[in-house]
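Engineer: If you want the building blocks of each chain, they are given just below.
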Amino acid sequence: MGEEVLFWVMSPFAVLGALGLVFARKAVHGALSLAVTMITLAVFYIAQEAPFLGVVQVVVYTGAIMMLFLFVIMLVGVESSDSRVETIRGQRGSAALAVLGVVLLLTTVTVRATLPDEPTGMAQATPDGNVAGIADLIFGTYVWAFEVVAALLITAAVGAMTLTHRERIFHRPSQRDQAIRRFREGRPEDAAGLPVPGVYARHNAVDTPALLPDGTPSEASINRVLVARGAARSSEEFSHRPTPGDIEAGTSETLSSAEGADQPEGETDEPAAAAPELGGDDDATGGERA
Amino acid sequence: MTSTFTTLATAVAAEAEHGGGQAAVEATGVFSLTWLLIAFPLLGAAVLLLGGRRTDKVGHLIGCGASIASFVMGVVLFAAMLGEGATERAFTVQLWEYFNAGGYQVDVSLLLDQLSMAFVLLITGVGSLIHVYSIGYMEHDERRRRFFGYLNLFVAAMLLLVLASDYLIMFIGWEGVGLASYLLIGFWQHKPSAAVAAKKAFVVNRVGDMGMVLAISSMLAVFGSSAFEVVFASADGASTGWVTAIGLFLLLGACGKSAQFPLQSWLLDAMEGPTPVSALIHAATMVTAGVYLIVRSAAIYDLAPDARTAVVVVGAITLLMGAIIGCAKDDIKKALAGSTMSQIGYMTLAAGLGPAGYAFAIFHLLTHGFFKANLFLGAGSVMHGMHDEVSMRRYGGLRIMMPVTFVTFAMGYLAIIGIPPFAGYFSKDKIIEAAFADNWIVGICTLLGAGITAFYMTRLMLMTFFGNRRWQQSEPPHESPSVMTVPLIILAVLSVVGGFGLLYLGADIVDWLAPVTGEEHHDLPMPLALLITITLVTVLAGVAVAWATYGRRTVRADVPAGNALTVAARNDLYGDAFNEAVFMRPGQYLTRSLVYIENRGVDGAVVGTATAVGGLSTRLRRWQTGFVRSYAVTMLGGVGVVVLAMLLVRLP
Amino acid sequence: MSPTPYLVLSVILFSIGAAGVLTRRNALVAFMCVELMLNAGNLAFVTFARMHGNLDGQMVAFFVMVVAAAEVVVGLAIIVTIFRTRRSASVDDASLLKL
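Residue numbers (my numbering), protein chains in the order written: chain S, 548 to 837; chain Y, 7 to 658; chain L, 18 to 116.
For the record, the hints were derived by calculation from the structure and aren't laboratory data.
One thing to keep in mind: the hints can contain errors.
Capping the alpha-carbon separation at 20 Å, the derived lysine to any residue pairs in SDA-like fashion look like this [unchecked claim]:
1) Y:Lys63 x Y:Val489
2) L:Lys115 x S:Arg636
3) L:Lys115 x Y:Met641
4) L:Lys115 x Y:Leu185
5) L:Lys115 x Y:Asp147
6) Y:Lys205 x Y:Met216
7) L:Lys115 x S:Ala697
8) S:Lys573 x L:Ser107
9) Y:Lys63 x Y:Ile141
10) L:Lys115 x Y:Gly621
11) L:Lys115 x S:Thr634
12) Y:Lys205 x Y:Val588
13) Y:Lys205 x Y:Ala587
14) Y:Lys205 x Y:Glu586
15) Y:Lys197 x Y:His393
16) Y:Lys197 x Y:Leu185
17) L:Lys115 x S:Leu622
18) Y:Lys205 x Y:Trp194
19) S:Lys573 x S:Leu563
20) L:Lys115 x Y:Thr631
21) Y:Lys205 x Y:Gln195
22) S:Lys573 x L:Asp110
23) S:Lys573 x L:Phe100
24) S:Lys573 x S:Leu622
25) Y:Lys205 x Y:Asp215
26) Y:Lys205 x Y:Gly230
27) L:Lys115 x Y:Leu626
28) Y:Lys197 x Y:Asp147
29) Y:Lys63 x Y:Leu185
30) L:Lys115 x Y:Trp194
31) L:Lys115 x Y:Phe633
32) Y:Lys205 x Y:Arg591
33) Y:Lys205 x Y:Gly581
34) Y:Lys197 x Y:Asp394
35) S:Lys573 x L:Ser105
36) Y:Lys63 x Y:Leu49
37) S:Lys573 x S:Ser630
38) Y:Lys63 x Y:Ala52
39) Y:Lys63 x Y:Arg152
40) L:Lys115 x L:Ile99
Using the sequences plus the hints, can you model the full thing?
Structural biologist: Here you go:
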């Protein structure tokens with residue numbers, strides 16, 4: 548009775564999770580929906596006297612494989628969402644037909660099959676408990692298959708490394724090489740490297756252009772990725788335009804106090820969002836940007 | 007095998023009394039140098055054709071020298087032969103073994119006897135004169151060296167033809183003269199008509215060559231050899247059917263080479279070649295090779311009366327055809343070509359009469375070689391003076407401008423129509439006599455031919471040298487240089503005295519040839535004097551008709567319509583039309599239909615299969631979209647079908 | 018409890034997974050749908066194991082999981098490689114292998 552309640556409560560989650568996978572436009576949402584389905588299935592395994600499998604389902608599938616998926620999704624681009632327009636002519640129709648045929652076939656088989664009202668249960672098969680029974684089988688009857696599967700796993704791991712490995716074709720220039728190159732080829736004023744963002748500016752955020760000693764903002768101090776995304780602040784905003792008041796006030800006032808007063812609170816969000824993007828590109832700051 | 011040959015050789019010696027039976031002995035002394043006859047012109051041809059431009063300057067002299075050297079050699083051999091006994095004048099010169107395969111053995115050996123001697127003298131003598139004449143005639147042709155090379159090649163091949171002692175070796179010469187003829191007819195190959203004529207001559211000659219091939223193959227099959235002595239010795243033992251077949255095959259070969267009916271069509275077109283070629287190859291020598299072949303094969307024809315009858319019929323038909331064609335042609339060379347056909351018809355007819363006619367055939371062949379070469383060279387001289395104009399309707403009154411040509415031409419003219427005592431009278435009269443002795447119908451054919459000959463030759467003579475001047479060129483015609491007229495004069499002299507000389511001076515030609523051809527006399531159905539009178543009257547009647555038509559009346563410069571017979575004669579008596587309708591068109595239709603079947607049927611099946619497979623794969627290819635999802639649909643459907651099938655099999 | 022509801026759920030999940038494979042272009046989603054189909058199969062195996070009172074079904078499900086893990090490793094590596102060269106994770110873009 549309790550199992551039936553469990554089933555009818557949990558099975559809608561499983562189906563909804565599966566539907567969520569198919570209909571989600573973003574892959575990351577689909578992955579989370581699939582995780583729900585898998586956890587539900589783990590519960591069902593446990594309910595069906597397969598606690599070992601249930602735990603493996605949670606640990607291996609939900610814990611490891613789905614995380615692997617999520618990791619790749621992050622790598623590919625978490626923001627990308629798929630268009631629902633079908634591009635292959637007749638694909639939807641034939642897919643529907645094929646799925647319908649399979650559904651009909653399996654449903655007919657399931658319904659027509661003479662199934663017992665109550666299952667035999669695992670009590671007899673596993674007198675020492677589920678895990679012990681499985682261990683018996685793995686290291687007894689199925690030991691050969693087990694070893695082969697182990698070899699398969701190792702092969703797959705090696706295969707994955709081979710597939711993703713990228714050969715470096717060119718010599719990667721060292722810091723020393725770059726410094727020599729700067730002195731040799733660039734303008735003399737670039738030899739010391741580009742200004743760091745935020746220097747002499749009112750903010751030290753990466754989207755804020757540095758102010759040069761003469762007070763003009765330096766475009767070159769901002770990462771070009773931020774410029775390309777439109778996330779950088781415009782340099783006019785920070786250009787130093789001395790007013791008669793400023794001159795009168797002279798330089799007695801400290802810059803830091805003015806800085807703290809002028810900074811609006813809400814603006815700190817955007818540079819933070821852009822930060823992860825820079826993570827992979829951190830060695831590009833400085834002289835590399837030229 | 008060797009023992010068989012020796013047995014046969016003795017058999018030949020034993021049958022010496024039979025026509026053509028004269029034991030040939032191994033040549034000694036000067037006779038063992040017979041091969042020099044062929045070697046001189048062959049060497050000349052090799053030098054001229056392989057020497058290239060270096061020999062341009064002296065090419066004609068080398069050519070003439072080679073030919074004259076061969077003639078001198080021939081004269082020396084002739085003199086030596088005269089010194090031998092009347093029946094001991096046949097010599098064989100064993101050169102080398104051609105091949106010896108299986109049961110067959112063919113030796114390259116030469117046979118020099120009275121018959122080949124006559125031919126050697128004719129070929130080298132007339133050939134040398136024509137070589138000399140060509141120096142002048144081809145003077146302005148920049149390819150003169152090549153021309154002389156071809157002429158020498160021809161002379162060498164022709165000598166091999168008449169000197170060979172084996173049909174297979176003779177066939178080499180036979181093909182050699184065919185090649186030379188082809189090259190020389192098409193010498194001015196830039197003219198499409200000359201190229202086409204050369205091709206036509208070549209193709210028609212191939213038909214005749216099939217006859218030769220069949221004849222030689224039959225000899226090899228029946229007698230086991232194609233050597234003269236073996237074939238002639240064992241012809242007696244062969245069945246009449248085989249002998250007749252061989253005779254007919256040989257006749258086919260002779261027809262091809264000698265332009266006899268039904269393979270006569272190429273000779274008229276062959277006049278596209280330079281005139282010396284027409285004189286040498288297509289009048290004096292090569293076209294008489296067929297007659298030589300028949301006379302040489304006397305032993306076979308003696309045993310095959312049916313084949314001989316066929317020879318006579320072919321000769322008679324060609325005789326009249328050629329004469330009729332000659333009457334209607336306005337092209338001077340074509341008129342002479344028709345005349346050549348007609349005269350060779352006489353020879354063939356005579357050869358078909360058997361031992362009674364062989365000698366007369368050769369006799370007429372020799373005199374014809376003289377006067378026809380004379381006439382052709384005269385025509386060439388006229389053309390030379392008339393800027394290569396060939397239509398007689400553009401001539402007229404040339405006797406004043408070209409006195410030497412006119413006189414020499416007149417000698418040839420009188421010789422060919424058979425006015426005594428010119429050469430043609432003796433030879434042609436003998437043939438007419440033999441024909442009447444054999445058969446009334448054949449006799450009347452020859453008599454008719456003589457009349458027509460007189461008509462067309464008189465017509466030619468009148469249109470060219472008499473009557474009103476119809477030429478259209480600015481400067482008047484001129485006489486040819488002496489290098490051309492001297493050969494003409496020599497040939498004219500031969501035309502005058504050749505017949506009388508050969509028959510009554512020194513050795514009688516009939517007795518001379520008797521050891522080779524045999525001898526036989528028929529009784530004439532009427533007194534000889536009466537026959538001669540009838541013949542002369544016929545000839546004079548022909549002359550009179552021609553004079554009435556062309557001498558008294560002015561010859562028109564344009565071509566009159568003419569009656570049906572004239573039109574037919576102008577069209578070569580529809581020989582070409584017949585060939586075209588019966589052989590060419592059906593052949594074309596056959597090849598076209600075969601090509602059609604090949605294209606549509608055979609190729610269609612192959613290409614169709616390929617196209618079907620290609621089209622099918624193009625359509626099947628569409629399934630390979632490259633889209634994984636499409637494949638997934640197919641996979642899912644397939645899995646469903648498999649599961650369903652398994653269930654259907656397993657479920658009760 | 019009767020095994021039928023479990024089997025019907027398995028059929029439903031399998032069909033949804035199949036439909037997803039056939040319709041979604043994103044390689045990762047299609048891949049996850051394949052995982053869903055494998056899980057649906059596993060559910061059926063576990064259900065039948067219990068029905069027959071036999072551990073073999075659970076063993077098969079176990080092996081399916083291991084093989085699925087290996088498959089995921091290689092499959093994701095392929096997807097990453099393709100993405101790296103083509104800047105796209107769509108299975109339709111990798112359609113050059115055809116005539």
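Engineer: Hints the structure violates: just list their numbers, smallest first.
Structural biologist: Numbers 4, 5, 7, 17, 26, 29, 30 - these are the hints that the structure violates, sorted from lowest upward.
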